[in-house]
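Work the whole structure out from these sequences, hints included.
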Amino acid sequence: MLALDRKMLRDLRAMWSQALAIALVLAAGVATLILAVGAYRSLDETRTAYYERYRFAHVFASATRAPRGLIERIREIPGVAAAEARIQEFALLDIDGFALPANGLVVSLPAHGSAQVNKLFIRSGRLPQNGETAAVAINEDFATAHGFRVGSQFQAILHGRKRRLNVVGIALSPEFIYATGPGDFVPDDRRFGILWMNEAVVEASYNLENAFNSVSLLLRRDASEPDVIKHLDTLLARYGGTASYGRKDQFSHAFLDAELQQLSAMSRILPPIFLVVTVFLINMILTRLIALEREQIGLLKALGYRSTAIAMHYIKLVIVIAVLGVAIGFVLGTWLGDLLTRMYGDFFHFPFLVFQRSADIYVASAAISVAAAVLGAARAAWQTLTLSPAVAMQPPAPARYRQLLRRRSALLRHISQLTVMVLRHIIRSPLRAGVTTLGISLSVAVLVTSLFPVNSVNFMIDATFFQSDRQDATFTFGDERPPRVLQDVARLPGVLSAEPFRTVSVRMRQGQFERRTQIVGRPPGTDLSQVLGQNVTPVFLLGADFSQILDQSLTQISLPESGLALTEKLAQLLQVRQGDLVTVEVLEGHRAVVEVPVTVIFKSFIGLAAYMEMQALSDLLDEGPNVSGVHVAVDKRYEADLYEVIKNTPALSAIGLQKVSLEKFRATMAENIVFMTLVYTSLGMLIAFGVAYNSARIQLSERGRELASLRVLGFTRAEVGRILIVELAIFTIAGIPLGWLIGYGFAWILIQGFESELYRVPFVIERSTFALAALVILAAVTVSMLIVRRRVNNLDLIEVLKTRE
Amino acid sequence: MKAKKKSEPAEVFRAEGVTKIYRTGDVEVHALRGVDMALYAGELAVLLGPSGSGKSTLLNILGGLDTASGGQVLFRGEELTALSESALTLYRRHNVGFVFQFYNLISSLTARENVALVTEIAENPMRPEEALDLVGLTERMDHFPAQLSGGEQQRVAIARAIAKRPEVLLCDEPTGALDSKIGIIVLEALTAVNEELGTTTAIITHNAAIREIAHRVFYFADGRIASTHVNDRRLKPGDVTW
Chain L
325 MLALDRKMLR DLRAMWSQAL AIALVLAAGV ATLILAVGAY RSLDETRTAY YERYRFAHVF
385 ASATRAPRGL IERIREIPGV AAAEARIQEF ALLDIDGFAL PANGLVVSLP AHGSAQVNKL
445 FIRSGRLPQN GETAAVAINE DFATAHGFRV GSQFQAILHG RKRRLNVVGI ALSPEFIYAT
505 GPGDFVPDDR RFGILWMNEA VVEASYNLEN AFNSVSLLLR RDASEPDVIK HLDTLLARYG
565 GTASYGRKDQ FSHAFLDAEL QQLSAMSRIL PPIFLVVTVF LINMILTRLI ALEREQIGLL
625 KALGYRSTAI AMHYIKLVIV IAVLGVAIGF VLGTWLGDLL TRMYGDFFHF PFLVFQRSAD
685 IYVASAAISV AAAVLGAARA AWQTLTLSPA VAMQPPAPAR YRQLLRRRSA LLRHISQLTV
745 MVLRHIIRSP LRAGVTTLGI SLSVAVLVTS LFPVNSVNFM IDATFFQSDR QDATFTFGDE
805 RPPRVLQDVA RLPGVLSAEP FRTVSVRMRQ GQFERRTQIV GRPPGTDLSQ VLGQNVTPVF
865 LLGADFSQIL DQSLTQISLP ESGLALTEKL AQLLQVRQGD LVTVEVLEGH RAVVEVPVTV
925 IFKSFIGLAA YMEMQALSDL LDEGPNVSGV HVAVDKRYEA DLYEVIKNTP ALSAIGLQKV
985 SLEKFRATMA ENIVFMTLVY TSLGMLIAFG VAYNSARIQL SERGRELASL RVLGFTRAEV
1045 GRILIVELAI FTIAGIPLGW LIGYGFAWIL IQGFESELYR VPFVIERSTF ALAALVILAA
1105 VTVSMLIVRR RVNNLDLIEV LKTRE
Chain A
55 MKAKKKSEPA EVFRAEGVTK IYRTGDVEVH ALRGVDMALY AGELAVLLGP SGSGKSTLLN
115 ILGGLDTASG GQVLFRGEEL TALSESALTL YRRHNVGFVF QFYNLISSLT ARENVALVTE
175 IAENPMRPEE ALDLVGLTER MDHFPAQLSG GEQQRVAIAR AIAKRPEVLL CDEPTGALDS
235 KIGIIVLEAL TAVNEELGTT TAIITHNAAI REIAHRVFYF ADGRIASTHV NDRRLKPGDV
295 TW
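Chains as they are written, first to last, in my numbering: chain L, 325 to 1129; chain A, 55 to 296.
Quick caveat, the hints were computed from the structure, so don't treat them as lab data.
Computed from a predicted structure; not experimentally measured.
Among the clues, some could well be false.
To be verified - Among chain L residues calculated to face chain A with C-beta under 7 Å, some are: (1) Tyr725; (2) Ile739; (3) Ser740; (4) Gln741; (5) Met745; (6) Arg748; (7) His749; (8) Glu1030; (9) Val1036; (10) Leu1037; (11) Gly1038; (12) Thr1040; (13) Leu1121.
Note that the Cβ used here is the ideal one computed from N, Cα and C, for glycine as well.
Quick look at the structure:
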């Protein structure tokens, strides 16, 4: 081994703690990229594979009652690869030991052979066989929630008839990755299950012999989805078909897609921020580190080494550090990515996982990291190499300082000389001070960016479920009921107040833009369930709309007496402005097609809903004041009585329990987000510590001689240590607010990526997030200082004074 | 022996059988092999000897920068070897002034501030201006080290060392980095301090010519004091030639 290489290894060993700290900063950047992109790609790939292997349908439609023979004609639609007709109906469930009413979606299985579309993955047991009237296969989430296994039993009211069902199998379906009960906004596996049953049994139970009410289509690759949908709609129109829709309107898919889109946003935005920050920090740290080697470089030159050989020597040194960091990052990132994939895989109940190891991410992160490190080292080495060896070997001439203030002010006399030292040192090299401050700022920024999504999601949940929809429960009827049903519901035990609503499936059109959605009709001035939103008043500053940032508060949107209130998202999709007309094609009843003016556009966090005053909606539909469901507030004391009645009331096809679902949803959501946040925050902390520690160490190296002189002059360890502490404290105190600002910017960029059709995440950063980020940095700086203090205490006074530098 | 004759001058330092062993790996370096000496109040002593003869090691031990491996070092009757690290810091702070070959000034502080650095923590210091006046730097007080010549920087170091009115001034090669003309100015500053303040001064040097300015000269060899010489007639720094 060459002497120079041996020197490199020994240098590395001597500075191992610093080298490790640098490597860890780099590792954090690399790991973020690998884990985020890895997890996203794995989950996306898993979903694709799951959809393909289990033949997840492309187009869905429902009808009231279509003859079984119609399926043959559907299969003949150009572009259709396979079509499956079936029956889907809701059932109320009564489960032993479970007080709350639960719903089931009964789905018929083909009488002969296995399904061609939406195939099931059997986790355990088997599917019900012909002739088994009480046999049912249930989805895994539901089974897990109740501890059901093959052989378990529960009761269900199928079309008014209560019967006991035997669980013969537990299954998964690509169609119900997210299964949400009627009236519920969020999945609650305890209160909603999928019940796959024998076709003949379902036909008989729901009086749908030789008929179907639901169809799913698998398309060929070259098929045109809109054409197929148009065709299908025509075929089903006579049989009470509501408009067919593609995957993007299929609830489970849309929800999963929104979730994956968020992961994808995280992976596209957060890791590059992390990586850019870390490579910047690495570059900065290594530049300063190599600058300290000035005399050694001079000596090597004096001994006759070529500049390139010397530069290579230091480049090798940083490559070793960078490679170490990248290697740790690879291992850490892969491990965390797999962990995250498994966690989400569990959450989505994927039957299998496909782990994607994308070489591009590994190569890119390694290349960026090593390049940044090498550039930093080369730049510093080059500065020294341009000096003549004689000059380089001399200690640098005493640095030039300036008076802090022009005149010797009285102010200066009251400050100790130690403080003057600190202040002059900072002022003398503003670049160095700026870079250190920026380093600390970026660590703060990374922490703010990692922590804030929890605030935003919490705000969204709070706004939607605790301010907007405050009802305890929602009754949904399978079809429209006359208004007197409101009185029936109000008479149920424990019901404090009841508010009706009407929902209508429609297709809205404006020019070439169209969207399938629902119009929700409500009486004016509702209390339980309010339409909350922000009025759209743009606040323009430097060409950007800041209204969203400035005001997150929500107000009740008063529904106009006529015309539509649209969410801003829906208005955007349809390209309509206030006052424009949209074509509303009602997809049920008389199937009216009418032009309706848009009277209100408001910002909302969830959904693509359109709202109307209930009376106006009835007028539009040209029907009486029917209701689709009722929101109720329930007296907690009579909850049990109410549940008991519901469980035995066949007329109520479904009930949604907001508060109950929400608690569960929050818990799940919290689990995912907290884990995610924890991962990013830990990596952010690693960066913070690496920066703080290296800043302190480099400061010590740069000023070791001065500090030793002070010790010789009789200053105590504490007094000398304070110089370093004060200096770093100044950088930290300046860096924190700057970091908040930068973090705010990063967070804003991130939130833009979160937006999907299902929801728009509000941009909310709570003060506690800023405080926490600052506290983490302060802790990292403190720990670094304590470590460096030990080195100050052990300064070799004689050695430092004897050598020139 | 001028200092000693004047009404029994007090003993400032007493070293008895002082040894110092450095261990680096398996190698033991005997830097001091039993040194006995005494320094008296107001005395100016020069320590001469080749590199590695132990003179710097002794000076560092006397100054509280290092501790002896064996033997006793008494400062005004107090055992230095028994002091803790923090007690040694206070000992340096209040009693010892150091001057080194490479000045060791704080580059971010002006001449005046470099001196003030010490006066701020001393018990009975002189004003920084006074100390700088003693070394003839009144005109350059508000200059930064970068704006001063080598000789001027060393005189700031001396002013900084004496501003606290230390009992002892320990100088390790104070003229080592300077040419003879500037070296003489620095030595003049040192003798002036010795005479005007009566500070006990020990100067290490390679330069045998400098011995002429001392009351006593200690010759070091191989970790011991090989011989001691008392100058009957001292030269002024300006009369020394090298």
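Cross-check of the supplied hints:
Residue-level restraint check for Tyr725/L holds (minimum Cβ-Cβ distance to chain A is 5 Å; threshold 7 Å). The beta carbon of Ile739/L is not positioned within 7 Å of any beta carbon in chain A (closest approach about 10 Å), and the interface hint is therefore violated. Because the beta carbon of Ser740/L sits about 6 Å from the nearest beta carbon in chain A, less than 7 Å, this interface hint is met. Taking 7 Å as the C-beta contact cut-off toward chain A, the hint placing Gln741/L at the interface holds, the least distance being around 4 Å.
For Met745/L, the shortest C-beta to C-beta distance to chain A is roughly 5 Å, which falls under 7 Å, so the interface hint holds. Because the smallest distance between the Cβ of Arg748/L and any Cβ of chain A comes to about 4 Å, under 7 Å, the interface hint for this residue holds. Because the closest C-beta pair between His749/L and chain A is about 5 Å apart, less than 7 Å, the hint holds. Interface restraint check for Glu1030/L: the shortest CB-CB distance to chain A comes to about 5 Å, inside 7 Å, so the restraint holds.
For Val1036/L, the suggested interface contact is upheld, since its CB lies about 5 Å from the closest CB of chain A, less than 7 Å. This hint holds: Leu1037/L has a C-beta 6 Å from the nearest C-beta of chain A, less than the 7 Å allowed. Interface restraint check: Gly1038/L against chain A, minimum CB-CB distance 3 Å, threshold 7 Å, status holds. The criterion of a C-beta within 7 Å of any C-beta in chain A is met by Thr1040/L, whose closest approach is roughly 5 Å, and the hint holds.
For Leu1121/L, the shortest C-beta to C-beta distance to chain A is roughly 5 Å, which falls under 7 Å, so the interface hint holds.
In summary, the one numbered hint that this structure violates is 2.
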